[in-house]
Amino acid sequence: MAHTSSTERDREYRKTLLRLARDAILHGLREGDRLPVDLAQYDESLKKQGASFVTLKEQGDLRGCIGTLQAYQPLVADVAEHAYSAAFRDPRFPPVSEDELDMIEISVSVLGEPEEIAVSDEEDLCSQLVPGVDGVILEYGSLRGTFLPSVWETLPDCATFVRHLKQKAGLAPDFWADGIRVYRYRTESFSETGN
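If you count the sequence shown from 1, position 178 lands on 306 in this note's numbering, and the numbers rise without skipping.
Simulated from the structure, these hints should not be mistaken for lab results. Take these hints with a grain of salt, some might be off.
With a straight-line Cα cutoff of 25 Å, these simulated DSS-like cross-link-like pairs (lysine-lysine) come out [said to hold, decoys possible]: (1) Lys143 - Lys175; (2) Lys296 - Lys185; (3) Lys185 - Lys143; (4) Lys176 - Lys143.
As the structure is a prediction and not an experimental result, all values here were calculated from the model.
Please model the entire structure based on the sequences and the hints provided.
Here's what the structure looks like:
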């Protein structure tokens with residue numbers, strides 16, 4: 129009787145989600161709509177509720193990134209939805225064209241549960257974050273922004289990372305107030321290049 133190792137399962141899990149993301153973009157190009165996901169085709173681990181971000185890069189430059197911070201649907205449906213949205217609905221970019229498809233590299237990040245951390249100021253926040261590992265959500269009132277752990281690659285200095293995150297949330301880079309709430313989360317990220 130053959131046994132599947134956890135490494136093989138992980139590889140298959142990642143391959144399935146990346147293939148699904150690419151299929152969702154192809155379907156969007158051909159049909160102009162989201163890919164319908166048949167849950168019966170997928171392993172139980174992929175049908176559990178999950179939160180994901182799908183990031184598209186073209187020649188190393190960001191080409192689209194859409195996701196959610198809270199799990200509200202099966203992971204396969206979440207990845208398919210966000211791949212479609214990253215390709216065609218990211219307001220920062222024009223929709224992906226068929227000519228670009230071969231140049232697009234897809235990355236999928238599956239998010240862990242966000243954990244609130246108590247912080248007194250920016251310095252305290254930086255002392256608690258693990259660069260390259262922690263994704264961060266910053267909230268103030270109705271304003272909210274997040275950076276995935278991969279953003280540390282372009283903003284490795286914590287003070288700069290936090291300033292940019294505040295701007296993404298719609299706050300001034302030097303703003304700090306008692307009402308700021310911060311959450312951290314970890315991701316399992318993988319891309320078509322095998323990282």
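Inset, instruction - Mind listing which of the numbered hints don't hold for this structure, in increasing order? - result: As far as the earlier hints go, not one is violated by this structure.
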